[in-house]
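Now for the letters of each chain:
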Amino acid sequence: MKTSLTEMLKKNFGDLQISFLEETRMVINVPKEQILDVLAFIKDNGYDFFALVSCVDWINEEELELVYIVSSYLIKNKLDIIVKTRIPRANPIFRTITPVFPNAEPYEREIHELFGVKFEGHPRLIPLFLERNYKIPPFRKDFDSRKYVKDVFDAVPSIEEEK
Amino acid sequence: MVRHVLELILVPFLALIIGLFLLGLARKVIARIHWRYGPPLLQPVIDIIRLFSQKSVSHGKIFDLGVLISLIGSFLVILFLPFGVFTPLAGSGGLLVILYVMLFAPIGIALSGGEGANPNISIGISRKLILSLSYEIPFLFILLSVMTYYHTISIVGAVNSQQTGGWALFSWPLVLPGVAYFMILPAMLGLRPFDMATAPQEISSGPQTEYGGKYLALVTIEHGLAIFIGIGLFVNLFLGGGNLWGSSVNSFLNTGWGVLISPVIFFLKMLIVFLLGLFIHAVFPRFRMEQAIKYLWRWPTLIAFVGLVIVLIVK
Amino acid sequence: MDRNQLRKWFEDPVKMGHKYSLGAVYFCTGCGIIEVPPVITARWDAERFGVVPVATPRQANLFLITGYVSVKTLRAIIRTYEQMPDPKYLVGFGSCPINGGMYWDSYNTIKHLDKYVPVDGWIAGCMPRPEAIFIAVTHLWTLIDKDMADGYKRYKKYYKQYRRNQEMVLPNIEWPPLYPID
Chain A
0 MKTSLTEMLK KNFGDLQISF LEETRMVINV PKEQILDVLA FIKDNGYDFF
50 ALVSCVDWIN EEELELVYIV SSYLIKNKLD IIVKTRIPRA NPIFRTITPV
100 FPNAEPYERE IHELFGVKFE GHPRLIPLFL ERNYKIPPFR KDFDSRKYVK
150 DVFDAVPSIE EEK
Chain B
0 MVRHVLELIL VPFLALIIGL FLLGLARKVI ARIHWRYGPP LLQPVIDIIR
50 LFSQKSVSHG KIFDLGVLIS LIGSFLVILF LPFGVFTPLA GSGGLLVILY
100 VMLFAPIGIA LSGGEGANPN ISIGISRKLI LSLSYEIPFL FILLSVMTYY
150 HTISIVGAVN SQQTGGWALF SWPLVLPGVA YFMILPAMLG LRPFDMATAP
200 QEISSGPQTE YGGKYLALVT IEHGLAIFIG IGLFVNLFLG GGNLWGSSVN
250 SFLNTGWGVL ISPVIFFLKM LIVFLLGLFI HAVFPRFRME QAIKYLWRWP
300 TLIAFVGLVI VLIVK
Chain C
0 MDRNQLRKWF EDPVKMGHKY SLGAVYFCTG CGIIEVPPVI TARWDAERFG
50 VVPVATPRQA NLFLITGYVS VKTLRAIIRT YEQMPDPKYL VGFGSCPING
100 GMYWDSYNTI KHLDKYVPVD GWIAGCMPRP EAIFIAVTHL WTLIDKDMAD
150 GYKRYKKYYK QYRRNQEMVL PNIEWPPLYP ID
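Protein chains in written order, with numbering that gives the first Met the number 0: chain A, 0 to 162; chain B, 0 to 314; chain C, 0 to 181.
Everything labelled a hint here was simulated from the structure, so no lab data went into it. Quick reminder that beta carbons are idealized off the backbone N, C-alpha and C, glycines included. Hints may be right or wrong, so weigh each one.
[Unchecked claim] Derived coverage of chain B by chain C (criterion: at least 3 residues anywhere in the stretch with Cβ under 8 Å from a Cβ of chain C; other residues may be distant): (1) 29 to 43; (2) 54 to 63; (3) 202 to 209.
[As the list claims (entries may be wrong)] Keeping only pairs whose Cα atoms sit at most 20 Å apart, straight-line, the calculated PhoX-like set for lysine-lysine is: (4) K54/B <-> K156/C; (5) K71/C <-> K134/A; (6) K54/B <-> K155/C; (7) K14/C <-> K54/B; (8) K14/C <-> K213/B; (9) K9/A <-> K77/A; (10) K155/C <-> K162/A; (11) K162/A <-> K152/C.
I would like the entire structure built from these sequences, with the hints used as guidance.
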């Protein structure tokens, strides 16, 4: 099964970098224009359980990496497929994958508010957990947490009581 | 004359004390069944003291009025229940008056719940009224069989007939309605498995959601009175409330000693019935609404109907 | 406890009522709520102290803030606290409401709860054991005896400062001020 999926991917999409971390974990590195086609192709081959989308901040290479994990419940000898793309860090705008996997909506909201990635075409891009506005999104590696706490939370004065 | 006025004041007061005592006893007995110590017996009194001293929030005039209506309805029903030999207002139509005045309590709370703009209140009230609908049908059959057997509508007449003829629960035509009444008693009192109207975990206490301070104190008092009414009616109609077994023993009740002893006998019978209901309440989970309706319209209705047919055949 | 002393009941029944009938709002704030069900159930019984969980804040007396407070939770806590009828007591539970606890440099938690709602007492621990909760309840009784548990009075008196602090942390507060600020 895994060899046939590898062959089909190579046949349809040209030269993708496919490697195997273990026997059942396949990692595909995709350029960012082909992400929707690759995911739709994988979904058509029976891998329709979308686990998560996450984000990694490669600050030295000035790129953000989006990681999609897709698996299946019904296929025997199934694989866990990890699809990775990279987008530039300075102006991170990407497209949403909710047309293919509709349950990616809250994950993309979380990445939007914590990393600052704007997903075009997302039906509901409003904050999920956070309440305040942050100049630098909190999960990026150049966000100084202690400085933020000193500026915002320690600046709130205590209640002064009259004696 | 003086005796009547004294009874009118004394009986609701005694009903209040007994109702609050039964509420405290309920918490203690349930705690002991759960293998823990419970609160002290007078904990409802402490709760009511605390609640009356909190500054409550009102939602309008009808909000206050609804709670008062339900409390007044409960007090009115108590005046019609004979409590031993005390019979404040027991006229000749007692059972019919009780049948419709007993519904003042949920309707009063429904009235005030409309003012409090909380959807939990409406869910709780709809559950309470649907539950009332489902237990009213076997209740009607039971009351019809009692009325037919004793040829009277007044409760005092039923109690007096049991003075000579033995308790109704153990005289053979009325066994089945008695058993059916005991089966619907948890639904009337709001004990598990039928306490879905005031479910703290599901609908955050149903109709009592917006009641703080003095309103909650009044609702707690009304809950205690409702327990008194539900069990008191059962004891009067089926257990010969205030009378002992046998006509020769009961002759002392017409003397001066009867004034002191018959309320005590009534209270002891109430205690035993309440404890039996509590043992079921402490270990059962809660029914869903459709399960409750299916149960209440099937077995107690059937048993009460068969009892009614038997009574009609005999008389 | 002096619950059995009749003389005190007749002298000041209101204070004794506030002490021995504490209705706690069942608001599960943070990770400390895992310590509350063992306290309420059969092993460490809290009902014998008079502490009973109630379903809504309108019926409640005591508010236990168990665990860390994120900014979104602070919004819900303020709304719940303002719905409770006077007199009310608020107890901070664990080390996170005291000074931030484990999340002292987090971007989304409140470090000192005392600046936003008035707190009557703190319980140290991460998480405190159920016996610590009982010791806290008995301390609260002594505070009520001495009239020192006056968080609700402080909230009314210094409401302008509390509201200013709340508005500094929460971006938009959609409910109007509870007491009039000029």
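Hint check:
1. 29 to 43: It holds, with 9 qualifying residues against the three required.
2. 54 to 63: The restraint on the segment 54 to 63 of chain B holds, since 3 of its residues have a Cβ under 8 Å from chain C and three suffice.
3. 202 to 209: Coverage by chain C holds for the segment 202 to 209 of chain B (5 residues, Cβ < 8 Å).
4. K54/B <-> K156/C: Distance of about 17 Å is within 20 Å: holds.
5. K71/C <-> K134/A: At roughly 19 Å apart (the allowed maximum being 20 Å), K134/A and K71/C satisfy the hint.
6. K54/B <-> K155/C: Since the Cα atoms of K54/B and K155/C sit roughly 14 Å apart, the hinted pair holds (cutoff 20 Å).
7. K14/C <-> K54/B: 14 Å, holds
8. K14/C <-> K213/B: 16 Å, holds
9. K9/A <-> K77/A: 19 Å, holds
10. K155/C <-> K162/A: Given pair K155/C, K162/A holds - Cα atoms ~16 Å apart, limit 20 Å.
11. K162/A <-> K152/C: OK: K162/A and K152/C at ~15 Å, within 20 Å.
Checked against the numbered hints given earlier, this structure breaks none of them.
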